[in-house]
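J.: So you can see what is in the structure, the chains are spelled out below.
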Amino acid sequence: MKGFWFRIGPIITVVIAIFVLWYAGAVALNSAWAQDKAKRADVTLSFSELVTDTLSQEKPKLPAPHQVGQEIWKTTGQKVIEGRAFSKRSLIYHSWITLSSTLLGFAMGTALGIALAVGIVYNRTMDKSVMPWVIASQTIPILAIAPMIIVVLNAIGISGLLPKAVISMYLSFFPVVVGMVKGLRSPGRMQLDQMKTWNASGAQEFWKLRLPSSMPFLFTSLKVAMAASLVGAIVGELPTGAVAGLGARLLAGSYYGQTIQIWSALITAAALAAALVGIIGMIQKLVLKRMGMAQ
Amino acid sequence: MIWLVLAVSSWVIGMVLNVWLSKRPTTRFTSLAVPTIFGLTLVIIWECVVRGFEISPVLLPPPSAIAVRFATSTPILWQDFVQTGLKGALSGYIMGCGAAFLLAIVIDRFPFLQRGLLPVGNFVAALPIIGMAPIMVMWFGFDWQSKAAVVVIMVFFPMLVNTVQGLQATDAMQRDLMRTYASTYMQTLIKLRLPAAMPFIFNGLKIATTLALIGAIVAEFFGSPIKGMGFRISTEVGRLALDMVWAEIVVAAIVGSAFYGSVALLEKSVTFWHPSQRKG
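Chains as they are written, first to last, in the numbering used here: chain F, 1 to 295; chain X, 296 to 575.
Be careful, since some hints might not be right.
[To be verified] The list that follows gives simulated cross-link-like pairs (lysine-lysine, DSS-like), each with its CA atoms no further than 25 Å apart:
no.: 1; chain 1: F; residue 1: Lys74; chain 2: F; residue 2: Lys59
no.: 2; chain 1: X; residue 1: Lys563; chain 2: F; residue 2: Lys196
no.: 3; chain 1: X; residue 1: Lys382; chain 2: X; residue 2: Lys486
no.: 4; chain 1: X; residue 1: Lys501; chain 2: X; residue 2: Lys563
no.: 5; chain 1: X; residue 1: Lys501; chain 2: F; residue 2: Lys223
no.: 6; chain 1: F; residue 1: Lys223; chain 2: F; residue 2: Lys182
no.: 7; chain 1: F; residue 1: Lys196; chain 2: F; residue 2: Lys223
no.: 8; chain 1: F; residue 1: Lys79; chain 2: F; residue 2: Lys59
no.: 9; chain 1: X; residue 1: Lys382; chain 2: X; residue 2: Lys501
no.: 10; chain 1: F; residue 1: Lys289; chain 2: F; residue 2: Lys223
no.: 11; chain 1: F; residue 1: Lys182; chain 2: X; residue 2: Lys563
no.: 12; chain 1: F; residue 1: Lys182; chain 2: X; residue 2: Lys486
no.: 13; chain 1: F; residue 1: Lys74; chain 2: F; residue 2: Lys182
no.: 14; chain 1: X; residue 1: Lys501; chain 2: F; residue 2: Lys182
no.: 15; chain 1: F; residue 1: Lys289; chain 2: F; residue 2: Lys208
[Unchecked claim] Simulated coverage check for chain F against chain X, where a stretch passes if three residues somewhere in it have a Cβ under 8 Å from a Cβ of chain X:
no.: 16; segment: 13-22
no.: 17; segment: 121-134
no.: 18; segment: 198-211
no.: 19; segment: 216-222
no.: 20; segment: 226-236
no.: 21; segment: 248-258
[To be verified] Quick list of simulated restraints, FRET-style, between CB atoms:
no.: 22; chain 1: F; residue 1: Glu49; chain 2: X; residue 2: Ala553; range: 53 to 61 Å
no.: 23; chain 1: X; residue 1: Ile521; chain 2: F; residue 2: Met293; range: 36 to 44 Å
no.: 24; chain 1: F; residue 1: Glu82; chain 2: X; residue 2: Pro414; range: 35 to 43 Å
no.: 25; chain 1: X; residue 1: Gly556; chain 2: F; residue 2: Lys285; range: 17 to 25 Å
Source of the hints: derived by calculation from the structure; they are not laboratory data. Ideal placement from N, C-alpha and C gives every residue a C-beta, glycine not left out.
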């Protein structure tokens, strides 16, 4: 048990420290507004009054954690109890919109990434001509052209899920290509020669040696790809006029100064990212264990 | 029709040329020429297809139109670059990477912090931090300060995690050797551990270059003065002046590649001893 606390103890300390800092920051940042209000009402605030006021403002500069928590509960759990889990005011609805385009983009990006990686590993021409451009493509800040992609695809009649998914795909295919090329090339000379002595065909070599040995690389890059594709989906929602999705909540919140709404969308997005990456991590553990590759 | 024939023929020529080139022994020339031909072919096909199918410039302008627009509006592009590239991205990049580097050295000194902050840092590095942009715009105003702030928090965690990892890259034998030389903590840090951490630090710096530019541009979507690359992109999209948007993208691509390239060059001269940098 000592090992457990040895590992968890410092993490809990850091998390508590973050919350303490958050509350302190909320008091510090919001006190200017509270003082201003008190001055106009011609009262002087005692310290405890100041603290209560800073932690319960309607549009604070930095909302306190419990305000964000309440907002999230109000827009998720409470809606479920009311039986309106998918109403437009519910964060579950917005998360679902974002999640669906994230997953679609992730699936497309992974498929494209693996296909490109196989091509690069097996075809010398592709390796030489495509690989440098795959790397160069990532020095272009693709998120910057997200609005254009959305508008153009809208203009030719593709709207809704797909344009956002395209952006997610663009962001997520890169880590998969790089990881899979590394993984498919990871079997050593010795192992490849062994396959040759067994008279293995090209397909057999791929399915029985290269693909299995690329699995650890694949999962590592899938985690990166998933995080990237969530970012892509959120940014993809910005230019659509703030209709639906977590990105739209962020934009609407920033238009109307609803800081609590921004923070609750942000925390939800963070939880979503953590959950998605966590799920991939679990699948990775299961698969690698079945394959006898777990460390 | 003639444009489509041109498109197909240039595709075939490019492909044949590349297949032929890549079958020859690899030299400096071929490793440069093959991707160049590939890229050029793509641009030519783009031009020909846009002209051949008479695609409206509102959807996809041909490369030639983008080049013309780029050449005629360099003052605006330059002004946007200064606002976003230098003031927003570069200042944030330097502040964020510098702060992360210093914190990493502190973390490395105290194992308790290492065990506590590293998992949290790893977790935060996977979060959609770009979402902090509207909050930063609210706190620091519309001008470049808020963009720099977004860049700082975006580059901070990847840099932190990489530097901490790098500082652990020395093995026990090397540290023992420094001990037998009776070297102090500072001496070990400067002469052994920082040099050994350099490949990791540069990895973090390279990841951060892309993030910095993205952060600065996306932050401008949430509010900006009337200049800047992100501002220009979002307004010109609204006016359907896509050639201007593409010109802005070309600038972003050039800046991004140059930024990345200069960090990579610096890496080459600092970590010349590392196996990944050696030739042959």
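J.: Are the hints correct? Go through all of them and say.
T.: Status of each hint after checking the structure:
| no. | hint | verdict |
| --- | --- | --- |
| 1 | Lys74/F with Lys59/F | 17 Å, holds |
| 2 | Lys563/X with Lys196/F | 39 Å, violated |
| 3 | Lys382/X with Lys486/X | 34 Å, violated |
| 4 | Lys501/X with Lys563/X | 12 Å, holds |
| 5 | Lys501/X with Lys223/F | 19 Å, holds |
| 6 | Lys223/F with Lys182/F | 16 Å, holds |
| 7 | Lys196/F with Lys223/F | 34 Å, violated |
| 8 | Lys79/F with Lys59/F | 22 Å, holds |
| 9 | Lys382/X with Lys501/X | 19 Å, holds |
| 10 | Lys289/F with Lys223/F | 18 Å, holds |
| 11 | Lys182/F with Lys563/X | 22 Å, holds |
| 12 | Lys182/F with Lys486/X | 33 Å, violated |
| 13 | Lys74/F with Lys182/F | 46 Å, violated |
| 14 | Lys501/X with Lys182/F | 19 Å, holds |
| 15 | Lys289/F with Lys208/F | 17 Å, holds |
| 16 | 13-22 | holds (count 4) |
| 17 | 121-134 | holds (count 9) |
| 18 | 198-211 | violated (count 0) |
| 19 | 216-222 | violated (count 0) |
| 20 | 226-236 | holds (count 5) |
| 21 | 248-258 | holds (count 5) |
| 22 | Glu49/F with Ala553/X: 53 to 61 Å | 55 Å, holds |
| 23 | Ile521/X with Met293/F: 36 to 44 Å | 56 Å, violated |
| 24 | Glu82/F with Pro414/X: 35 to 43 Å | 37 Å, holds |
| 25 | Gly556/X with Lys285/F: 17 to 25 Å | 38 Å, violated |
Checked against the numbered hints listed earlier, the structure breaks hints 2, 3, 7, 12, 13, 18, 19, 23, 25; every other hint is satisfied.
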